[in-house]
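> Here are the chains, one letter per residue:
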Amino acid sequence: MASEEGEEANAASSAEEVGRKKPPRHKGKHDKPKPWDDDPNIDHWKIEKFDPSWNEGGMLEVSSFSTLFPQYREKYLQEAWPIVKGALKEFGVACELNLVEGSMTVSTTRKTRDPYIIVKAKELIKLLSRSVPAPQAIKILNDEMSCDIIKIGSIIRNKERFVKRRERLLGPNLSTLKAIEILTGCYILVQGNTVAAMGSWKGLKQVRRVVEDCIKNIKHPVYHIKELLIKRELAKNPALANESWDRFLPKFKKKNVKQKKPITKEKKPYTPFPPPQQPSKIDLELESGEYFMSDKKKSAKKWQEKLEKQSEKAEENKRKREAAFVPPKEDTATPYESAKSTSNNDEIADMAKSLKKKAKEFRKSEAQENVRLESYVASNEGSRPKKKHKSSKSK
Amino acid sequence: MTKAIPKIGSRRKVRIGLRRNARFSLRKSARRITKGVIHVQASFNNTIITVTDPQGRVVFWSSAGTCGFKSSRKASPYAGQRTAVDAIRTVGLQRAEVMVKGAGSGRDAALRAIAKSGVRLSCIRDVTPMPHNGCRPPKKRRL
Numbered sequence: 001m002a003s004e005e006g007e008e009a010n011a012a013s014s015a016e017e018v019g020r021k022k023p024p025r026h027k028g029k030h031d032k033p034k035p036w037d038d039d040p041n042i043d044h045w046k047i048e049k050f051d052p053s054w055n056e057g058g059m060l061e062v063s064s065f066s067t068l069f070p071q072y073r074e075k076y077l078q079e080a081w082p083i084v085k086g087a088l089k090e091f092g093v094a095c096e097l098n099l100v101e102g103s104m105t106v107s108t109t110r111k112t113r114d115p116y117i118i119v120k121a122k123e124l125i126k127l128l129s130r131s132v133p134a135p136q137a138i139k140i141l142n143d144e145m146s147c148d149i150i151k152i153g154s155i156i157r158n159k160e161r162f163v164k165r166r167e168r169l170l171g172p173n174l175s176t177l178k179a180i181e182i183l184t185g186c187y188i189l190v191q192g193n194t195v196a197a198m199g200s201w202k203g204l205k206q207v208r209r210v211v212e213d214c215i216k217n218i219k220h221p222v223y224h225i226k227e228l229l230i231k232r233e234l235a236k237n238p239a240l241a242n243e244s245w246d247r248f249l250p251k252f253k254k255k256n257v258k259q260k261k262p263i264t265k266e267k268k269p270y271t272p273f274p275p276p277q278q279p280s281k282i283d284l285e286l287e288s289g290e291y292f293m294s295d296k297k298k299s300a301k302k303w304q305e306k307l308e309k310q311s312e313k314a315e316e317n318k319r320k321r322e323a324a325f326v327p328p329k330e331d332t333a334t335p336y337e338s339a340k341s342t343s344n345n346d347e348i349a350d351m352a353k354s355l356k357k358k359a360k361e362f363r364k365s366e367a368q369e370n371v372r373l374e375s376y377v378a379s380n381e382g383s384r385p386k387k388k389h390k391s392s393k394s395k
Numbered sequence: 001m002t003k004a005i006p007k008i009g010s011r012r013k014v015r016i017g018l019r020r021n022a023r024f025s026l027r028k029s030a031r032r033i034t035k036g037v038i039h040v041q042a043s044f045n046n047t048i049i050t051v052t053d054p055q056g057r058v059v060f061w062s063s064a065g066t067c068g069f070k071s072s073r074k075a076s077p078y079a080g081q082r083t084a085v086d087a088i089r090t091v092g093l094q095r096a097e098v099m100v101k102g103a104g105s106g107r108d109a110a111l112r113a114i115a116k117s118g119v120r121l122s123c124i125r126d127v128t129p130m131p132h133n134g135c136r137p138p139k140k141r142r143l
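Heads up: the sequence lines are chains A and F, in that order. The opening residue of the first sequence carries number 1 in full-length UniProt numbering; numbering runs sequentially from there. The opening residue of the second sequence carries number 1 in full-length UniProt numbering; numbering runs sequentially from there.
Source of the hints: derived by calculation from the structure; they are not laboratory data. Note that beta-carbon positions come from the ideal geometry of N, C-alpha and C, so glycine has one too. Any given hint might turn out to be false.
Unchecked claim - In silico PhoX-like links for lysine-lysine, alpha-carbon gap of 20 Å or less:
1. F:Lys101 <-> A:Lys126
2. F:Lys35 <-> A:Lys205
3. A:Lys111 <-> F:Lys70
Stated by the list, open to error - One-sided and incomplete, this derived list gives chain A residues near chain F with beta-carbon spacing under 10 Å:
4. Val62
5. Phe65
6. Asp148
7. Gly153
8. Glu290
9. Tyr291
10. Phe292
Can you build the whole structure from these sequences, using the hints too?
Printed below as a string of structure tokens:
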């Protein structure tokens, strides 16, 4: 019982302390909690649709924006202009296509209510002049859509490197670009020294990072794609909403590895014994006797070899040159006679061969008969070497 | 000779002897004008709205940060809207010219909030700085 009473007393005292506690002090007025900090009804990223009743008076003066377009775009713009004009008319914006100057102009009218639509119209004509198809460019008039033009030309000076990195951004068969488009939810157009992107603000921020990192050679677009895929999956999980995603994202470490060309070697059958040692240069010289020669003799020998080679080559060349002047042999005899003569020649050759054979056999037999015993038995006189006695002179 | 801009009261004398919290209330007592210029600077991270008189002298300024938005929320359209309302309500403009600078997400919301608050807009100008290949870009960041 006593213990229970004690617990109750402790609880009461702690409650009093909580009651006495002052709310946390904030340094400035800006740090005070605001009603929109935790209000679930407020969506910070939702753009409120404009109601014409908010601005019934309209604009007091005319605001207009114009942009130039390249000549190759003229034909397409002429065809697509009615669509553009119709889209802008809904919002009370006037537009004009000047083919003489090569410019497009948008301006507000008395019917214009939304002040921001003129800025959107300006972006529309800017996109049209940058080779964006008209149906795609008209989407910019929606509230959720915005556009961004990323200048990539000034990032890198070297033209070859720039082209290479721009192609890296596109990927094989535009696969990398399509992947980025799907993951960011943006329309991307790479053209010349700039990249035009259309989409939501969050998507545009991601596109800008991917493009700049690719052109600056900081990070390959494939790594960004991988990261975006993981982030997309993590966003689906509400449990990880208030956690840091760093542990899930891949750690990118740039490695500057020089690529070596692969050297292909033919595989030889394995033998347990080592190969025989190759003779060194000195060994070869010792063998030929060149090692003991003086430098003069060596150079003379080399010179001699060189001269021999030259003479051989000269003779060969001479023979080739003279071959052009040697007339071909002409057969003056009739075909019957020539055939007869060839048969006679064959017979003579056979006879000569047989005679030679017989002569050889005769010589062999003669040699066998004339074998002398003296040549095989060593005589004492012949074998003993003669010694020269040197007389030593005594002084 | 250019005319010197006349001082509208010496702030230093007023500030002496005031408590720290009272200083913030000074900003709210900005001079009221009926005609002026609203400069909307919308970046990817914040939205700053400056109200000036037709000569270009700053009357009042407000930003998403001063309105109590923190971190990434400063760049949101809602923050831009709140900032615009805060700036206009304080000054009490009736007619204004709008100058838009930058391409942030807060500019459209800010413009619509200005129109909604009853200010008659004379014209809208885009004064986003565009380099004609001007400055050399900073060196690449190393990862």
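> Indicate, hint by hint, whether the structure satisfies it.
Cross-check of the supplied hints:
1. Between Lys101 of chain F and Lys126 of chain A the alpha-carbon distance is near 17 Å, which keeps this suggested pair within the 20 Å criterion.
2. Pair hint Lys35 of chain F plus Lys205 of chain A does not hold up; C-alpha atoms about 36 Å apart against a cutoff of 20 Å.
3. The hinted pair formed by Lys111 of chain A and Lys70 of chain F fails the criterion: a straight-line CA distance of about 38 Å is larger than 20 Å.
4. Given hint, Val62 of chain A at the interface with chain F, holds; its Cβ is 7 Å from that chain's nearest Cβ, closer than 10 Å.
5. Restraint check, Phe65 of chain A versus chain F: the minimum CB separation of about 7 Å is within 10 Å; hint holds.
6. Of the supplied interface hints, the one on Asp148 of chain A holds, with its beta-carbon coming within about 6 Å of a beta-carbon of chain F, less than 10 Å.
7. Annotation: Gly153 of chain A was flagged as interfacial toward chain F, and the flag holds, the nearest CB pair being 8 Å apart, inside 10 Å.
8. For Glu290 of chain A, the shortest C-beta to C-beta distance to chain F is roughly 61 Å, which exceeds 10 Å, and the interface hint is violated.
9. The criterion of a C-beta within 10 Å of any C-beta in chain F is not met by Tyr291 of chain A, whose closest approach is roughly 61 Å, and the hint is violated.
10. The beta carbon of Phe292 of chain A is not positioned within 10 Å of any beta carbon in chain F (closest approach about 66 Å), and the interface hint is therefore violated.
In this structure, the hints that do not hold are numbers 2, 3, 8, 9 and 10, in rising order.
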